Amino acid sequence: MGSSSSGARAEPQVVNEESFKVTCVGHSLVNDTYEYDFFVQPPASTGAPGQTVRRSFKELQRLGHAMSARWPRASLRTPSRPFFEVPGEQGEVMERSLRAMLSLEPFPRSTALRHFLGIAMPPPADLSDGHVAGHWRLGAEMRLPLGAAATVMSFCEAHVALKVCTRVCKALQAAVLHPTSWPRLTVSSRVAERCIDSLCRILWRTCVGVQVLTLDLTFQQGHLGVALPAQLLLRQLRSLTLRLGDPEAQAFACDLLSCVESPKLWELRLSAQLTAQLLNAASMALLPTEQPLRRLALTALPDARLGAGTVAAVRALLDSAPRVADLAISVEDAFGGDSRWFERCGPLETPVLQTMMALNLESLTFDFLSDELLLAISSSSDRALWPQLRRAKLSGCKRVLEDPDGMLGVLLSKLGEELEEFALLIDLEVPVRSFSAGILHQRLGSLPNWWQERANLRSLELNWHAFDDEGIASLVEGCPQLEVLLLDRAEYWTDNTMSRLLESLPHLHRLRLRQSSMMSDRALYELLQTPQRLVLEIEPSYAMSSYVLDQLNPSFHSTSNLVEVQLLKPQLDEEETLWPDLSFNFGRCASHVYIGAYPAPGLLRDEAVRLSRALRVFSGHQPHGESPTVVRHTRSGLLVVTADTSYSNMSALKLFNQSNNRGEVVTNVRLRGGRVQLEGILRDGSKHRCELHVDPAEAPIPDALVGCQLNDGSWVKTVLEDGRVLAALGKRFQVSVQSMHPGKACLMLKSVYFSEKLRVSLKNLSAEWLLESQKHVQLLPGPEPSGTEAHDHWYQATQFKREEFDSAETYIFDGHGTLWGVRNSLGQGVSNLDLEEQVIQKVNSLIAAGKQVIFATNDSNYSRRLYIDRLLKHGIRLCHDDEFSRSKAKQKVVTAAFTCAWFLKKALIRKPFVICSHPGLLEELREAGITDYVATIDHDGRAKEEYFAPVTKENVTKLVQQSKDVDAIVVGWDQQLTALKVAVAAAFLKWSR
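Using UniProt numbering, the letters of the sequence shown map in sequence onto residues 1 to 993.
Read the hints as simulated data drawn from the structure, not as lab findings. Incorrect hints may have been included.
[Claimed, not checked] List time: in silico SDA-like cross-link candidates among lysine to any residue, alpha-carbon distance up to 20 angstroms:
1. K892 with H874
2. K911 with I930
3. K398 with L411
4. K21 with V40
5. K393 with E362
6. K414 with R458
7. K964 with K981
Just so you know, these numbers come straight off a predicted model, no measurement behind them.
Let the sequences and hints guide you as you build the complete structure.
This is the structure we're talking about:
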């Protein structure tokens, strides 16, 4: 087989028609460029499924040039791109061109063609001479590389690859059928319904010999009812790990656990939304075990709230594994700011803790610390709790931990002396984090009793407890063998603390310090001169110079023993910060974000931006129409967002709020790492949304246009829901707003905002770009109207139309000033009593018509029962005067006392201190199940005499000591407020800190 004299490649002769087939199935517009979807169907003999690839016309042109160079005698013609592209016709032209190329290579061999069709490697032909059964043949002198066969197998599903390969390879067939060939099996899928049949077939083949099974499954569809094969029994299983992402996967896992009959099972890991059904199935799987289970891990999904049934199932599971040595009951994202707790059940609050205390543990991970746990372990003897425990990582939510410092002292005094690694981490819920930033924690001084007999301790991690110099001295004295020390609260450390720490811990090789505001460069010099080879993580303070911080880098200071240095950012980073509405006045300055009532002029200068390291500025107090104004600084990259929607709708209804000048206009501003999300509603009800990046090169079009200025002086403010951009130009009290196609905005950009991403070509110009921009004018507030004109304007804006009022289905009425105590301010000859009677009749007619009528009051003196009495007294026919009707009518009454009791119950408040002078609030607390409260009045409303005594230290201490476990302060309407009541409330707040 020689080449022709011209060197041209001869066309292949194909015996059969079986080859790869291509069909154009659709198109889409991506970044103003049409892209076409082609369905690639492999030959049926391969057993491989088809796939869809998306390609542009430019990619087809490159493919045509490559194929023309490979087959010069085939006369391939690559279609030229028309000036006006019609997607349907162009897709047919591209499909015909691809079919012509596949006629040359039915099994694509050219790299360009395989890349275009998304084929890693085409299936090989039969190894024999000539052509048989319609397939290509390779010459006997050619051998198929093993890598090519592996690529073909990866193109198919697992069961298809096994089915195809075992037909031609006897060794592979024997290996697949032999049970000992599958000691380990790991399957992970986020679309489990696609592979569940293959998994069941493989499990049925391998169940006899599999010893380690790991499944990570999440179904996208529910209620599939997946059934496992009959006679599936896992009898040699030693380790089982299940990570389940949805209820359907949990149901599958329950069936799989019922198939476990292995006497050798020693490790079980479950990561799911823990339910009683799943845990009971795990308990049943442990019954046949002859060798006791040694390692058990239960990981709940975030925001875990284990009910009484689930807690009972956890206890039953622990009873089934009495010899477990490594126990983990944790949360997947333990520090994501989600609340978590065990449901209280039984007389001892959480009996599962007593079961845990009876185990002989060597390693413990527990993320559900609470005051109940503190109460349970306080009764045990010192150093007697888990005497063989070597590793303990404990955490909990501050919401259910009243005294984290006390928790640390109890744990250190009760845990065994063999402890080598200890971590106690306290998590704050997301809504509380921003409020707790900057608050100093309680100072912990010298506590030698805590650290006695802790010479074996090698690792210590704490994120809540703040030790001072004396506290660190007692710590290092009791734990001289520490190798890892991770502390997130070092606000009371001084430079002397650092020198004493490095001298007393010769084996220290990792140190982490946060919030070290009192340390200076002297402490950093101590670290540079330390003899230990140290990995350092430190959050710089304001007293540390950048020069010395640079010296910490091992590459700058070769004589230092610092192996690695990491400068930490503040824990309250912008990724955890959320300001839902920046039209209010905020005042906060951090290293990368500045928020204030208005942007200071000096802050916007290049030098000021460089020195402050600010990347984003958010401001208010400057009305900018219906959406925020965004300006991006061209040289420094500073992003300025002015989010004030005041005066965006001056004709808004003022019935409930005379100052309403926004109407339905609202914008949410969210900070998510390096991104800013703007989302809201305009005056006409249309929605807008865009996402801004610190680096403008990362933002896609049209979001990249927001903050840029056009040639006519207007600024692009946001992106509408139809994809058009909104630009605005303000002149005096008028704002000219126009919406346009993003392509037109790119053409109108000022030269300083030109970039490669925003550069457009005239050949991509479409008729849609040339449509006239939609323009309208927004009026900003000018001089306020006065006199009769202003009064008439306000009166018209506060009136309901009769049709609007009568067509409503739900009505919410206040009492005083609306139903009774009304005054006629119009002066039309109707007395106040007559007007009140007309209002009562109208309300009764609404009730009789079957409308939903709700009565609300912000007066905390009234319970719902008392407020119903008052409604009936004024003639409101809300219900009949019997016990059953009154109880049913409570569903239509909302009082401040009722909402307060509801909130306290949801917040798990058990013993509030209540300041009030009427029994309505106490009545609602009792109905909510909160009976152990401390109030300034009796149940019948009589004031307690002890709260009228003078304010002295003895009186305050006496009242506080009577109720030390108060967990909330509730201030109602108290007409007899005394200084002693305020002092006691302040003492409770101080005590809780």
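The hints, checked one at a time:
no. : hint           : verdict
1   : K892 with H874 : holds (17 angstroms)
2   : K911 with I930 : holds (7 angstroms)
3   : K398 with L411 : holds (16 angstroms)
4   : K21 with V40   : holds (6 angstroms)
5   : K393 with E362 : holds (12 angstroms)
6   : K414 with R458 : holds (18 angstroms)
7   : K964 with K981 : holds (16 angstroms)
Of the numbered hints listed earlier, not one is contradicted by the structure.
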